[in-house]
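Asker: For reference, the chains in residue letters:
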Amino acid sequence: MYNKNIVFLLASLVVIASCRKNDQIPNNTQPIPVTNGFYLLNQGNMNQNNASLDYFDYASSVYARNIFKAANPNTDVLGDTGNDMAIYGSKLYVIMNGSNKLEIADAITAKRIKVVTIPNVRNITFHKNKAYVSAYGNTLNASSANGVVIEMDTATLSTTRTIEVGRQPEGLAIVGDQLYVANSGGYDAKNYERTVTVINLNSFTKIKNIDVAINLDKIKKDKENNLYVSNRGNYNNIVPKLYFIDTKQNIVKDSFNIPVSNMTIAGDSVYIIGTVYKPVTFEAVHSFNIINTKTRKAEGAGFITDGTEKNIQSPYGVAVDPVTRNIMVTDARDYQSSGNVIIYNAAGKKLQTYITGLLPLSIVFTTK
Amino acid sequence: MLIVKRLVYAVIVWMVSFLPVLLYAQDSVYNEILKDIEVTGKIQSPQITTVIPSQTLSGKRLEQLNSYSVADAVRYFSGAQIKDYGGMGGLKTIDVRGMGSQHTTVLYDGIALANAQNGTVDLGKFTLDNVQQISLYHGQNDYLLQPAYAATFSHILSLQTRLPNFENNKKYYLQSTFKTGSFGLLNPSVLWQQQIDSTLSFSINAEWIKAHGRYQFQYSANDFDTSGSRQNAGIDAVRAEAALFKIKDSTTEAFTKIYYYQSQRGLPGAVVSNRFYHPQQLWDKNFFTHTQYKKLLGKKYTLLAHFKYSNDYTKYRDPEIVTSSGILTNTYIQQEIYTSVAQKLSIKKWWTTGLSTDYIFTTLNADIDNFLFPERNNFSASHSHYFRLQKLQINASLNFLHVKDKINSSIQQEDITRLLPFVGISFKPFYNAQFALRASYKESLRIPTFNDLYYTLYNSRYLEPEYAKQYNAGFSWIKKTNIPVDSITVAGNFYYNEVTNKIIGFPSASLFRWTMMNLGKVSIHGAELNISADKKIAPESFINFNVNYTYEKALNTTKGSDTYLQQIPYLPRHSSTVYGALNHKKWHMHYSFIYTGERYFSPENIQENYLQPWYTTDISIGRELKWNNVEQKIEIAINNLFNQYFEVVKSYPMPGRNFKFIIQFKL
Chain A
1 MYNKNIVFLL ASLVVIASCR KNDQIPNNTQ PIPVTNGFYL LNQGNMNQNN ASLDYFDYAS
61 SVYARNIFKA ANPNTDVLGD TGNDMAIYGS KLYVIMNGSN KLEIADAITA KRIKVVTIPN
121 VRNITFHKNK AYVSAYGNTL NASSANGVVI EMDTATLSTT RTIEVGRQPE GLAIVGDQLY
181 VANSGGYDAK NYERTVTVIN LNSFTKIKNI DVAINLDKIK KDKENNLYVS NRGNYNNIVP
241 KLYFIDTKQN IVKDSFNIPV SNMTIAGDSV YIIGTVYKPV TFEAVHSFNI INTKTRKAEG
301 AGFITDGTEK NIQSPYGVAV DPVTRNIMVT DARDYQSSGN VIIYNAAGKK LQTYITGLLP
361 LSIVFTTK
Chain B
1001 MLIVKRLVYA VIVWMVSFLP VLLYAQDSVY NEILKDIEVT GKIQSPQITT VIPSQTLSGK
1061 RLEQLNSYSV ADAVRYFSGA QIKDYGGMGG LKTIDVRGMG SQHTTVLYDG IALANAQNGT
1121 VDLGKFTLDN VQQISLYHGQ NDYLLQPAYA ATFSHILSLQ TRLPNFENNK KYYLQSTFKT
1181 GSFGLLNPSV LWQQQIDSTL SFSINAEWIK AHGRYQFQYS ANDFDTSGSR QNAGIDAVRA
1241 EAALFKIKDS TTEAFTKIYY YQSQRGLPGA VVSNRFYHPQ QLWDKNFFTH TQYKKLLGKK
1301 YTLLAHFKYS NDYTKYRDPE IVTSSGILTN TYIQQEIYTS VAQKLSIKKW WTTGLSTDYI
1361 FTTLNADIDN FLFPERNNFS ASHSHYFRLQ KLQINASLNF LHVKDKINSS IQQEDITRLL
1421 PFVGISFKPF YNAQFALRAS YKESLRIPTF NDLYYTLYNS RYLEPEYAKQ YNAGFSWIKK
1481 TNIPVDSITV AGNFYYNEVT NKIIGFPSAS LFRWTMMNLG KVSIHGAELN ISADKKIAPE
1541 SFINFNVNYT YEKALNTTKG SDTYLQQIPY LPRHSSTVYG ALNHKKWHMH YSFIYTGERY
1601 FSPENIQENY LQPWYTTDIS IGRELKWNNV EQKIEIAINN LFNQYFEVVK SYPMPGRNFK
1661 FIIQFKL
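The listed protein sequences correspond, in order, to chains A and B.
Taking the working numbering, the leading residue of the first sequence gets 1, the next gets one more, and so forth.
Taking the working numbering, the leading residue of the second sequence gets 1001, the next gets one more, and so forth.
In isolation and in its complexed conformation, chain A is listed as follows (with noise of 0.2 Å):
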């Protein structure tokens, strides 16, 4: 098992060099389309600090566990409950929901630029040099039972401003100037949250409420710029679906009964995996739903063609490459052991499974 580990602790090594050529000049990497590999976070298991950076190098076919730890030798771990991650210029951001932390590093070496404190950190999105980071934690009044969305500037890393949004934030999804933000209200089951806050980012001032349905989740932007939004339901008779914003409007426009635990959009397409329970006997029904944006319709029986979705225990995370369209879907197995990702070409064949760390969420496509 040691030897195992130091194999993959070797073969990171070596595909952290191969890209470690230009890294005296990180900052002036501009990228190209071209993708050449994938970053994918680990949650790790709640209070276990166990949350991990793998790589997926195309070129080597190479997949890389825990590099962060071979990146940063001598320091502090990921740490706990890794929530979100996201390259924006040179940089990665990695959400750590449990840590209560932001890692910065190095998009090319995974090396650790800064570490920012925020309590109970969820999401992270980008626009004009600027980081958006949604937080439960109320950083302007402890005591309010509502989160805040953090400004933070990409070049100094330090927050330039805090609004207040709903209770418990999660997705955020940004069109023209403007901010969205996912309201859960997950901590009262009683009374969850049902509307989505749109930010003006020039002003930086609340400019509505949408109001879409109880304890909502994902959002994702498609290519026309309308808004893809995804709820929990409340586990009981309110079952969770997914909504479509048309944000000229800023109005709930359309819905979709499909359940959604992860989503994400590439081209025409928003590629969702879900899983709901039978009643009685709780057995699991996973769903591979793919929506046209053009059509907004279900195509299908679903992204994978060739049925190996059966082998996959628990779906818990879903990416698309920008470029190849290949489809990367993750596997958190029974949530305590490792976990797999799935590659399946364009057209839904699967190509290669990897094994990866616990609680495999999260991917970022890194480009040359």
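I should point out that these hints are in silico values taken from the structure, not numbers from a laboratory.
Among the hints, a few may not be true.
[Said to hold, decoys possible] Okay, derived cross-link-like pairs now, DSS-like style, lysine-lysine, Cα gap no bigger than 30 Å in a straight line:
| # | chain 1 | residue 1 | chain 2 | residue 2 |
| --- | --- | --- | --- | --- |
| 1 | B | 1170 | B | 1586 |
| 2 | A | 190 | B | 1285 |
| 3 | B | 1536 | B | 1428 |
| 4 | B | 1502 | A | 278 |
| 5 | B | 1170 | A | 278 |
| 6 | B | 1559 | A | 310 |
| 7 | A | 190 | B | 1586 |
| 8 | A | 310 | B | 1502 |
| 9 | A | 278 | B | 1315 |
| 10 | A | 310 | B | 1536 |
Given chain A, work out where chain B should sit, using these hints.
Answerer: Okay, now just chain B, sitting in the frame of chain A:
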């Protein structure tokens, strides 16, 4: 009142269970066995011929372990792992022979402590101040006269509080103790036992425990070490017990007692990257009143009746969760009525039979959203036959359990009804040698707790109880010699346990919602060896030396599991305890060493989940003094002498070297 109604119900069940045995308990031949094995007031000398293995700590030995809580003392039992979240207020639960903490019932003066909510008992809450004996039984013991519910469990941890003990024709006994030391500990206690007349006496015991609980710890990750101070780890607790005893010419033994415990404690939480501090707080108020009545009727029939009412209040406050109605504060109130009637009849000199019936009624109230207000009716019965022949002893029982729940919902959990057999045999092959072989088989259950069933909001799903089979084979040998020691006791046991329908939590829909399922199976092969030796080295000098070693292969045998045939979390393959005591005139010294081997904190046996072995050494030295008829004892103890930083539970660091001073007056 519902409670009153249930009470009437309980009394009826009680009466009915009496009748059959009363009818055939007419004869009156004095039975020696009876006298021999059921004297509760005295400490039992180790009985090598018991059909199941048992371990006992009592008297001086228990005192000299200078443990702070019952949890600290229980660590010395082989096969027992204490899941310890660290510090003065940290949760401490027992897991015996790898089966999970809910397979062990904890008896306080013979009756199970109420725990329908989560099925575990925090042993850190019980100090040793008023405990005179701790025993661990891997099954049912041979006394027969015991409550039925305990017989449905795999293991029994029994705490016996002090009985009045008057020496030198005194009518009273007074004891006052003060303990202080690391963690800002202040722990005064008093014990007052008073004789009223020849059969009646009372006892009052009270203590106050206050500590800030702070200690240094080391955070290590990725070859990166930094130290921190455990914060929000304080405790402020009061415990008071008062009991009235009636003991009459060995035919009547009765007591009635009240118990109250109240505490406020910080929950210091997990130490993870960038987050060393947690502000959560917990308040407890536990009250119970317990009456026991034991009577020898005629010469062959003994009756033991218990009645207990308990009320447990818990408040939890989490300032990190602010809901629309403010900071999250939850209160829970669990109430329980426990009635038990146990009877024993000696049919022949070599044949004893027992019948016990228990009825327990439990309710749980909580101010959490969509709470289902569960109620539980728990009936249990145990019928046993015990044969004691010259070379052979056999104990065979059939235990019955029926559990019926009621919740505020249209869907109800199905009733549980099971019959659980037990058979144990002990064989003493030689007349002259104190050597015995034993073997036993037992089936037992771990019924789903209220948390398993009803914590999630609506879809309370049907859960089967966990079902356990235990096989044990072993030997005991006591040898009185002169060379090299005065006496040596050796006991060894091999066991195989199988737990099926293990209740395992899975996130459903999201990590916010967990569903419990009967999914797992665990198979445990174990071996343990206990050696104890005594020697008188000089006229007033005695040495006692003990070694325990346990090997446990506890594998996940759930078919299709990703971790099939891997060692289950937190179970070491190897664990050992060593302790030695030296008494020289008025001095006493004690040394102990506890070793817990490498473990994994998660089901997958990979490097990332590895927990280092830990081993701590504790020492103490004390002296007895006498001044104007007042006996005194002073003692100093150093625990974790070599200041090892370790974790029993991942992310919950344990204290390093710490000190304790004890001064005690006896009058």
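Asker: Determine for every hint whether it applies to the structure shown.
Answerer: Status of the hints after comparison with the structure:
1. B/1170 / B/1586: holds (23 Å)
2. A/190 / B/1285: holds (28 Å)
3. B/1536 / B/1428: holds (28 Å)
4. B/1502 / A/278: holds (21 Å)
5. B/1170 / A/278: violated (71 Å)
6. B/1559 / A/310: Within the cut-off at roughly 18 Å; holds.
7. A/190 / B/1586: Roughly 66 Å between the alpha carbons, so the hint for residue 190 of chain A and residue 1586 of chain B is violated.
8. A/310 / B/1502: Between residue 310 of chain A and residue 1502 of chain B the Cα gap is close to 25 Å, so the pair holds against 30 Å.
9. A/278 / B/1315: Given pair residue 278 of chain A, residue 1315 of chain B is violated - Cα atoms ~35 Å apart, limit 30 Å.
10. A/310 / B/1536: violated (71 Å)
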